[in-house]
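Trainee: Read off the chains here:
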Amino acid sequence: MNIGSNRWRRYGDWDNRPLRLDKFAAEDPKNGFAAFSSPADPKPSINIENGRVTMLDGVAEADFDMIDYFIARHHIDTSIAETAMAIPSATIASRLVDMHVPRAELVSIAHGLTPAKLADVLSKLNALEIAFAYSKMRARNTPGNQGHVTNAKDDPLQLAADAATAVAFGFDEIETTMRVSRNAWSNAVACAVGAAVGRWGTLFQCSSEEAEELRIGMAGFSSYAETVSVYGTERTFIDGDDTPWSKAFLAAAYASRGIKMRCTSGAGSELLMGFHESKSLLYLEARCLCLQRGMGVQGTQNGGIDGAPITATVPGGVKELMAENLLAVWLDLECASGNDARTTESEIRVGAKILPYLIAGSDLICSGFGTILKYDNSFNPSLLNGEELEDFLVLQRDFEADGGLTPVEEYKVIELRRRAVEALAAVFEELQLGSPTRKMLESVVAASGSDDTRSYTPRDASLISQMIQERGITVVDVIQALVRRGFRVEAENLLAVVKLRVSGDYLQTSAIVRNGKVISAINDPNSYAGPGSGYRVADGRRREINAIRDQLDQKEVLRSEALHEGAERRRIHYETLGAAVVSDDRLEVVVGISPAFGIKLFQTVGGHPLSEVLGVITDSIVARGLKARVVRFGHTADTSFLGLSAARLAGSGIGIGLQAKGTAVIHQRDRLPHNNLELFSNAPITSVEHYRELGANAAAYALGEMPEPVIVPMRGQAMGSRYHARVAMIYAIETAYTKAGARPEEVAVKFLGRAS
Amino acid sequence: MSEKLSIEDYPLSEKRPELVAGRRGKTLSEITLEGVMGGKIQMEDLRITSQALRFQAEIARRGGRPTLAENFERAAELVEVPNDVIMSVYELLRPGRAADKKELIQAANDLRRDYGATRLAAFIEEAAEVYERRGLYTFRF
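Line by line, the protein sequences give chains H and P.
Okay, so the first sequence: first residue is 5 according to this note's numbering, each after it adds one.
Okay, so the second sequence: first residue is -9 according to this note's numbering, each after it adds one.
I should point out that these hints are in silico values taken from the structure, not numbers from a laboratory.
Keep in mind that the hints are not guaranteed to be accurate.
Below are the DSS-like pairs computed for lysine-lysine, each with C-alpha atoms no more than 25 Å apart in a straight line [unchecked claim]:
id, chain 1, residue 1, chain 2, residue 2
1, H, Lys323, H, Lys128
2, P, Lys30, H, Lys503
3, H, Lys323, H, Lys27
4, P, Lys5, H, Lys521
5, P, Lys5, P, Lys(-6)
6, H, Lys503, P, Lys5
7, H, Lys34, H, Lys128
8, P, Lys16, H, Lys503
9, H, Lys27, H, Lys378
10, H, Lys604, H, Lys503
11, P, Lys(-6), H, Lys521
12, P, Lys30, P, Lys16
13, P, Lys16, H, Lys521
14, H, Lys743, H, Lys559
Just so we're clear, the structure is a prediction, and the values are computed from it rather than from any experiment.
The whole structure should be built from the sequences, with the hints applied where relevant.
Mentor: Written out as structure tokens, the structure reads:
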């Protein structure tokens, strides 16, 4: 027999979900697709002779590759290595999640462990333990966040506006890059000016070619760098055109210019670059991180980074990304914990990916939250982008977790954006770099993304960039230009950021600027030691996090009801006639209305005026030749009891319960309260036509018929999330009107303006 | 320096502002907008000094971060080294740039002689040895 199809159609539904755009790789350690361990990973081991590492993870000194050598000579703490290596991995793993073992003790142990041992310890932890250990081990107490500020046109005006916006939302660091690499100087000036609007302290990076990035830093525009990449195999390192020594030299060079710096590493880079040596992702990253600490950099940007998407294709890959972040902080490095390159098209996978970091906290939760729209992100889309920024703000509020961001009121954002483009335009005019028109500025101020702008093109930006570079313009020139044009506050802000480099306080581990002060692992160390300790969201900060837009309260509900009151008074009149009694008229249906119906509340949650709802119900009862008697109940506001009480008064034994919010029921006198005939529970999607059918069916039941029940079609809307806050507030207004033992009252309803 | 700094002295800009100054001796309180407008403050005054880096190294070491301290000490030696020299040494340290060990040893000697950069010189000499053993003096077309 042909049953018509050989495929369950659900697979077709699944095929159409964004998830199916993600590709998944089978586990295959030989070809580098293994997250936590691979047969090719070495067994942990160390030999120390006269304070010198002579064997590391099974490799003898004479065979050390560059990475082994650098780790052995510059990272491993030989005074503790033998003791540390002797502790079983499971014991160390337990200590990582034991709140009574101090962070400092674990950091000290980590410095004596080889990469293979570090990876082995972390492979003992489940995802929850990794997140918990991360929270305990991260270096700075106060969490922070970093954002990308770029656009598809390299438009400096939009960069300035978007930088100011990112600063307003609370990003501690912003990072730009270019579509056209020669636009670096234009991007740098634009972001530096934009980041000086509103407050000072957001650090800024212009990700470009190494030498150019350093020159931009020297000119005073940028204040940190993080694109100093390291790799876990020698061949990859060489293909990346560097060595541990060249990168360490660069690290010293940045510090010598007073510029904060961290390295970049992360799972998947060796896999993408083809020299993975069949090693697991975590083991290779352990090498990268030991190397970075040996180089003397204060921190890392890891957690996959450009390799995050490929890592997320591997079984356990997302957990591995968490583990390598933990490894970074366990080694006492600042951690800008990835969550940048978008690892998935599935919003569920995005939310799941970010949550552990949000609740654990991180020095910089994202090392590039896309503050701009996806298509404007010149680094490629981030895990979270301008589109989803409000989702993140709500997650902070949901979990009472500090993700480093703060909601901003709409009018403030537009003011800051205007100020930013005007400041940059002033700088351009003063320094004769350009004179943007009013139209250009206005298009940028209101623009959500570069599709909306009529502003500079990439070519315009190239010309500006070239002038800045050729004329040797520095941040001092920009500060002077700002002051000359009346942007004194912005000039002060910009100077304050540049001045940071004189003391170098912000070169220490995990340093950011908060409220005009440098905080780092030194003066704001992670103090977690169990419940009540460590970073807690203080009352003031909690209020900031909670202040998302469009919150509902009862005052707002009453205000919106009051808007409809006048109109309802012109459409309907309720006259109380006195106590309602039980009728013996078999041709009668009672409509029981709730206590505040038409008194304090005037429309259903579906937005229908109560006069209209009550009108169609009574009309359709009357249309069947029955009488519709309206009774107001005061003893209850509950739908079932309204319906049952109405039914008990009705001569037909059929009653309708109708709440002001629109929930309705058809009930019968001798049934149990919740065993009704028909229930209309989804008021938001119940139409006037449904109420008309409700009345008709009630009449049919009264006439002894068996009508087709009315089904209000529900298409899976999250009714609770959309309406329950409002419903609960409305219902509270109803219940406040109830009174124990209040007698039902007969109500004469007059529909005003009707012919009859 | 006569006294040893501790982590209590951090941040220097708040706790010990008298210890830090720009490269021409301008103190933090002298680095103002007025100074910038009057031309008294220039880029040179907004640069870190080797002294400040050594202070930060001391604080890093006190904070249990010896490798970070060493980086700051290497950085202190680079403060007086011009940008183009820095970039040429960096370039030379990249794979396949130096044709042989001698080139790197020469660069190390130059830094030691011209800038007193003894730590950096030793660091580059170490690289020169490892590069030779790992065959990095191969021309990479």
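Trainee: Give a verdict on every hint.
Mentor: We went through each hint and held it up to the structure:
no. : hint                    : verdict
1   : H:Lys323 with H:Lys128  : 12 Å, holds
2   : P:Lys30 with H:Lys503   : 15 Å, holds
3   : H:Lys323 with H:Lys27   : 17 Å, holds
4   : P:Lys5 with H:Lys521    : 11 Å, holds
5   : P:Lys5 with P:Lys(-6)   : 14 Å, holds
6   : H:Lys503 with P:Lys5    : 16 Å, holds
7   : H:Lys34 with H:Lys128   : 22 Å, holds
8   : P:Lys16 with H:Lys503   : 11 Å, holds
9   : H:Lys27 with H:Lys378   : 20 Å, holds
10  : H:Lys604 with H:Lys503  : 61 Å, violated
11  : P:Lys(-6) with H:Lys521 : 23 Å, holds
12  : P:Lys30 with P:Lys16    : 9 Å, holds
13  : P:Lys16 with H:Lys521   : 21 Å, holds
14  : H:Lys743 with H:Lys559  : 23 Å, holds
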